[in-house]
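Spelled out from the first residue to the last, the chains are:
Protein chains: 2
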Amino acid sequence: MTFELDQRLANDTIFLDRVGDVQIRIHKNANVLWFILVPETNEIEWIDLSQEHQDNLQLMIDQLSLFLKQTNSFDKINLATIGNVVNQFHYHVIGRSQSDPYWPGVVWGADAPLKNYSEAEVDKVKYELALFLAK
Amino acid sequence: MTFELDQRLANDTIFLDRVGDVQIRIHKNANVLWFILVPETNEIEWIDLSQEHQDNLQLMIDQLSLFLKQTNSFDKINLATIGNVVNQFHYHVIGRSQSDPYWPGVVWGADAPLKNYSEAEVDKVKYELALFLAK
Numbered sequence: 010m011t012f013e014l015d016q017r018l019a020n021d022t023i024f025l026d027r028v029g030d031v032q033i034r035i036h037k038n039a040n041v042l043w044f045i046l047v048p049e050t051n052e053i054e055w056i057d058l059s060q061e062h063q064d065n066l067q068l069m070i071d072q073l074s075l076f077l078k079q080t081n082s083f084d085k086i087n088l089a090t091i092g093n094v095v096n097q098f099h100y101h102v103i104g105r106s107q108s109d110p111y112w113p114g115v116v117w118g119a120d121a122p123l124k125n126y127s128e129a130e131v132d133k134v135k136y137e138l139a140l141f142l143a144k
Numbered sequence: 010m011t012f013e014l015d016q017r018l019a020n021d022t023i024f025l026d027r028v029g030d031v032q033i034r035i036h037k038n039a040n041v042l043w044f045i046l047v048p049e050t051n052e053i054e055w056i057d058l059s060q061e062h063q064d065n066l067q068l069m070i071d072q073l074s075l076f077l078k079q080t081n082s083f084d085k086i087n088l089a090t091i092g093n094v095v096n097q098f099h100y101h102v103i104g105r106s107q108s109d110p111y112w113p114g115v116v117w118g119a120d121a122p123l124k125n126y127s128e129a130e131v132d133k134v135k136y137e138l139a140l141f142l143a144k
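Chains as they are written, first to last, in my numbering: chain A, 10 to 144; chain B, 10 to 144.
Just so you know, these hints were derived from the structure itself, not from any lab.
Warning: the hint list may mix true and false statements.
[To be verified] Once the Cα atoms are required to be at most 27 Å apart in a straight line, the calculated BS3-like pairs of lysine-lysine come out as:
no., chain 1, residue 1, chain 2, residue 2
1, A, K85, A, K37
2, B, K37, B, K85
3, B, K135, B, K37
4, A, K124, A, K37
5, B, K133, B, K37
6, A, K85, B, K37
7, A, K37, B, K85
8, A, K135, A, K85
9, B, K85, A, K85
This structure is a prediction, so every number in the text was calculated from the model and none was measured.
Okay, chain A solo, but in the shape it has when bound (with noise of 0.2 Å):
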């Protein structure tokens, strides 16, 4: 099996770390944070997923929640595979607030303009959740 990153995922997110074949990534928009866990593999359902990558997106969606709820940012995680524009399988770990553009809708299709990163909080990020995870 050969795996390319869907373009749209390259596009949109930015690569901060892999547990086994699985890439955790950071969605660009900084309205909400958004991280994104793409297993290597060319299923498109939960379903179809091998046991092991279902074990290892299990235990890193429950990581990324931990992470959101000890940062006592966030009012509400959203999770979702949801794939009707990007077909290649991602999940969506969603750190939500009261006060974040969206709230209280879904941040897909949403039309709230757009916030960057800087590049040092992307590595500030990256940097806190590899001191999370290493915990």
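Based on these hints, arrange chain B on the given structure of chain A.
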């Protein structure tokens, strides 16, 4: 712990079945085949659910996904737990089709007119699902 179903979930969905203390409900909007799983708990986030609830939910998510898949009627399965509007924990398993009125958008916050099920149509889903789960 006393559990009372959120009023909005009660209004928007119909009870189909239960597995342990996880309710399987169907959204009244017949534009998509939209299951909603409600574990009888007061926890809000997936990460805070008991291991038993997580295991039962994952089992039902997988079973409902397989149920949707075997109908050959859907182009994509959408899985999500959001909870920005209805805080009570609930999990969406939705059969999506390129011909449904929300495609390729998400169903949450979309404004296409609702389509109602007849009682017979709900009974049919209930019966087919019960048959499938009993396999």
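Run through the hints listed earlier and report the numbers of any the structure violates, in increasing order. none
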